[in-house]
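Top to bottom, those sequences are chains A and B. The numbering of the first sequence is the numbering used here, which starts it at 1 and goes up by one. The numbering of the second sequence is the numbering used here, which starts it at 1 and goes up by one.
To be clear, the hints were calculated from the coordinates, so they are not data collected in a lab. Hints may contain errors.
To be verified - Some but not every residue of chain B turned toward chain A, in silico, with C-beta under 8 Å: (1) Y165; (2) F171; (3) Y190; (4) V202; (5) P228; (6) F245; (7) R248; (8) Y356; (9) Q372; (10) F373; (11) L382; (12) I384; (13) K389; (14) T393.
Yeah, the Cβ is synthetic: ideal placement off N, Cα and C, and Gly gets one too.
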Amino acid sequence: MWELRHRGGGGPGPGGEAASPPREGEAAGGDHETESTSDKETDIDDRYGDLDSRTDSDIPEIPPSLDRTPEILKKALSGLSSRWKNWWIRGILTLTMISLFFLIIYMGSFMLMLLVLSIQVKCFHEIITIGYRVYHSYDLPWFRTLSWYFLLCVNYFFYGETVADYFATFVQREEQLQFLIRYHRFISFALYLAGFCMFVLSLVKKHYRLQFYMFAWTHVTLLITVTQSHLVIQNLFEGMIWFLVPISSVICNDITAYIFGFFFGRTPLIKLSPKKTWEGFIGGFFSTVIFGFIAAYVLSKYQYFVCPVEYRSDVNSFVTECEPSELFQLQSYSLPPFLKAVLRRETVSMYPFQIHSIALSTFASLIGPFGGFFASGFKRAFKIKDFANTIPGHGGIMDRFDCQYLMATFVHVYITSFIRGPNPSKVLQQLLVLQPEQQLNIYKTLKTHLTEKGILQPTLKSLIFPIEDE
Amino acid sequence: MTELRQRVAREPEAPPEDKESESEAKADGETASDSESRVEAVTQPPSADDTPEVLNRALSNLSSRWKNWWVRGILTLAMIAFFFIIIYLGPMVLMMIVMCVQIKCFHEIITIGYNVYHSYDLPWFRTLSWYFLLCVNYFFYGETVTDYFFTLVQREEPLRILSKYHRFISFTLYLTGFCMFVLSLVKKHYRLQFYMFGWTHVTLLIVVTQSHLVIHNLFEGMIWFIVPISCVICNDIMAYMFGFFFGRTPLIKLSPKKTWEGFIGGFFATVVFGLLLSYVMSGYRCFVCPVEYNNDTNSFTVDCEPSGLFRLQEYNIPGVIQSIIGWDFANTIPGHGGIMDRFDCQYLMATFVNVYIASFIRGPNPSKLVQQFLTLRPDQQLHIFNTLKSHLTDKGMLTAATEDK
Numbered sequence: 001m002w003e004l005r006h007r008g009g010g011g012p013g014p015g016g017e018a019a020s021p022p023r024e025g026e027a028a029g030g031d032h033e034t035e036s037t038s039d040k041e042t043d044i045d046d047r048y049g050d051l052d053s054r055t056d057s058d059i060p061e062i063p064p065s066l067d068r069t070p071e072i073l074k075k076a077l078s079g080l081s082s083r084w085k086n087w088w089i090r091g092i093l094t095l096t097m098i099s100l101f102f103l104i105i106y107m108g109s110f111m112l113m114l115l116v117l118s119i120q121v122k123c124f125h126e127i128i129t130i131g132y133r134v135y136h137s138y139d140l141p142w143f144r145t146l147s148w149y150f151l152l153c154v155n156y157f158f159y160g161e162t163v164a165d166y167f168a169t170f171v172q173r174e175e176q177l178q179f180l181i182r183y184h185r186f187i188s189f190a191l192y193l194a195g196f197c198m199f200v201l202s203l204v205k206k207h208y209r210l211q212f213y214m215f216a217w218t219h220v221t222l223l224i225t226v227t228q229s230h231l232v233i234q235n236l237f238e239g240m241i242w243f244l245v246p247i248s249s250v251i252c253n254d255i256t257a258y259i260f261g262f263f264f265g266r267t268p269l270i271k272l273s274p275k276k277t278w279e280g281f282i283g284g285f286f287s288t289v290i291f292g293f294i295a296a297y298v299l300s301k302y303q304y305f306v307c308p309v310e311y312r313s314d315v316n317s318f319v320t321e322c323e324p325s326e327l328f329q330l331q332s333y334s335l336p337p338f339l340k341a342v343l344r345r346e347t348v349s350m351y352p353f354q355i356h357s358i359a360l361s362t363f364a365s366l367i368g369p370f371g372g373f374f375a376s377g378f379k380r381a382f383k384i385k386d387f388a389n390t391i392p393g394h395g396g397i398m399d400r401f402d403c404q405y406l407m408a409t410f411v412h413v414y415i416t417s418f419i420r421g422p423n424p425s426k427v428l429q430q431l432l433v434l435q436p437e438q439q440l441n442i443y444k445t446l447k448t449h450l451t452e453k454g455i456l457q458p459t460l461k462s463l464i465f466p467i468e469d470e
Numbered sequence: 001m002t003e004l005r006q007r008v009a010r011e012p013e014a015p016p017e018d019k020e021s022e023s024e025a026k027a028d029g030e031t032a033s034d035s036e037s038r039v040e041a042v043t044q045p046p047s048a049d050d051t052p053e054v055l056n057r058a059l060s061n062l063s064s065r066w067k068n069w070w071v072r073g074i075l076t077l078a079m080i081a082f083f084f085i086i087i088y089l090g091p092m093v094l095m096m097i098v099m100c101v102q103i104k105c106f107h108e109i110i111t112i113g114y115n116v117y118h119s120y121d122l123p124w125f126r127t128l129s130w131y132f133l134l135c136v137n138y139f140f141y142g143e144t145v146t147d148y149f150f151t152l153v154q155r156e157e158p159l160r161i162l163s164k165y166h167r168f169i170s171f172t173l174y175l176t177g178f179c180m181f182v183l184s185l186v187k188k189h190y191r192l193q194f195y196m197f198g199w200t201h202v203t204l205l206i207v208v209t210q211s212h213l214v215i216h217n218l219f220e221g222m223i224w225f226i227v228p229i230s231c232v233i234c235n236d237i238m239a240y241m242f243g244f245f246f247g248r249t250p251l252i253k254l255s256p257k258k259t260w261e262g263f264i265g266g267f268f269a270t271v272v273f274g275l276l277l278s279y280v281m282s283g284y285r286c287f288v289c290p291v292e293y294n295n296d297t298n299s300f301t302v303d304c305e306p307s308g309l310f311r312l313q314e315y316n317i318p319g320v321i322q323s324i325i326g327w328d329f330a331n332t333i334p335g336h337g338g339i340m341d342r343f344d345c346q347y348l349m350a351t352f353v354n355v356y357i358a359s360f361i362r363g364p365n366p367s368k369l370v371q372q373f374l375t376l377r378p379d380q381q382l383h384i385f386n387t388l389k390s391h392l393t394d395k396g397m398l399t400a401a402t403e404d405k
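Start from the sequences and build out the full structure, keeping to the hints where you can.
Structure follows, in structure tokens:
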């Protein structure tokens, strides 16, 4: 336990923190409060043999972080000095990740959805593992099973809520799937309750507090990872551009803030992450906005990115074909006077989406970093250096995605508030579920409305005998 | 503090006598928490005796055990009477009561968190917890309740904007709180602050979502609110009674006073009670009809044609069920403790009822559908209209004659 506390004493990767807290009882650096609380905790728990406690001799040796850099890279870079070697490893891995990303985009929305799901599962796994290590709860009965079980239930619930609408035609064909989707709320709630009851039954006399901690930890993790990933998938189905532009804005902000900070950095930004600087923050902000603007311009041209994803039963696959909405059609805007002088043009034609992209990029640069600070604080609080060691040079999956989380929610909220109207197929579905009398009433209301608007040509008879509302 | 913990950990059936709770604690082996709380207990005042003086004097002759029974009994009656008064006052007041209960439960759980983690000194923390409570409540109001208040909301311009963009506004507010949290991280208290952050969020998840589901159920029709809540209360009471008179086999180590006899007896008694209560309530429109906001009278009305669920129908009784089960229960039971102690059984119930209604009872809201329809693009509207038309024609609801009527 002490070993864990001492281990990553400094903060995340670029941490320039002071020396790690050496011994308990000393208030030098680190979390004084937690040290003394844990002192009390351990002393008391020692007496009662609670799992919370471990004497020094009982602590399993935590292996030093595995170096997962492939051998090839190591050999290729053996000549360079250690600092540049690190740069190169990070650079190569970054390029690899970006190309993998492009490859999956090419393969289509379904693959993207699977990618998002696998990232979600991996993030969940990483955070849960941290919880285990912090609380030494490997021995708790049922706990791992329950965490994964809850993950399954919540995923099933969200699938039924959101994604099933898009697969409606596919689902209609299979009887069991229909049942599973129609009553998904009830079934997922029943499953959740079963898990809840299992938890209550699994409470072991000496480990109540630990078990409640892990229960809460699991739920908060689910709240963070699963809800966000489903929001990402919903954004994706809105149109791939709503998925790509935000994510690339965040990545671009990461990279450009780092570069600006590297070359011009002087004033520290926040105590939590000592390596972040104001110059990097502001420079990153402007470059991200410009990058987002340009990326939006480039992507808006292609139907592949712009159209909502639909599942067509005839071709049995996802298609992105449609009439691009007004957001993605070039429009002329007259420039304000000062820009007129600069650009020497009267009007400029751009996509309305580009204006939205400015909002998205601004959010990515201003609030996205807070997600990063939150994760840094979290790592600092639990004395870990990285979430995991999945990616050489970068840490775990969570380390890459910590800034993305708030972004996904923001984009979703943005879309539902300002962009998207209700989903037509969902409206139709709900209409078909109503009672026949209600349907008839609605039909009449709609008919009068459409006729008034001129969308529906009135029949000859209805012109002679005007429709009466019953 | 020990007392508080015991109260929260136990179900509200066992009488909260101090001696018993102490021995229970030892039996449960919650020694780790106990000992820690003993350290804190020095600073905590013993739980105040809230019994009014009147009652104390009136019951001064009786032995301590029966006195306790009477106090509990009287308070139970008081709570039930209060419940009836509130029902009489109407759905709006009920909604406010639910909100008050929610806030009090939130307050209680947060206070426990503070006590556990000694986090009174953390900067900003209380403010942030209440702030998050406000944001989440606003979000849920926007999601669910504004549909019911739709006409009222449309009239007032600021309300309309608040309701239309509620997601964006509540998210912005939440983000502000989030950024304040990140900025308030103090070097030596990271872990504590993260714990409290997590504690607040789990509490919000439990308390606020459930209370809004309760309000959602309420708007479906007061019967969907009253019957589940009364069933849970009845189960509490009946299980206690059965356990008291017939209890022998312990049910679960966590609550040593619960018995299998109480559990099963309570089950059957509650089912019977629920049947009878529904029978009584289904007769009245004010319980059965969905709550609507009437624009002209500027108030809530519960007036409608009762749906098929609430009309008498003939069912064949299987031969087995021949006799009428007599039921009777005395009016004494559980009482003290916090609001949370009263409502801990209710929480899962609210979610279950809501899920049940959403899955099996309620269809989509027709007026809402029409509204959504009107915001679609013309070509989408036409497509939906034509699909609906062909669907109705297939069903035979729509013939050439009815079309032109």
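Right, here's what the structure says about each hint:
no. : hint : verdict
1   : Y165 : holds (5 Å)
2   : F171 : holds (5 Å)
3   : Y190 : holds (4 Å)
4   : V202 : holds (5 Å)
5   : P228 : violated (15 Å)
6   : F245 : violated (26 Å)
7   : R248 : violated (21 Å)
8   : Y356 : holds (7 Å)
9   : Q372 : holds (4 Å)
10  : F373 : holds (6 Å)
11  : L382 : holds (6 Å)
12  : I384 : holds (5 Å)
13  : K389 : holds (7 Å)
14  : T393 : violated (10 Å)
Violated hints for the displayed structure, listed by number in ascending order: 5, 6, 7, 14.
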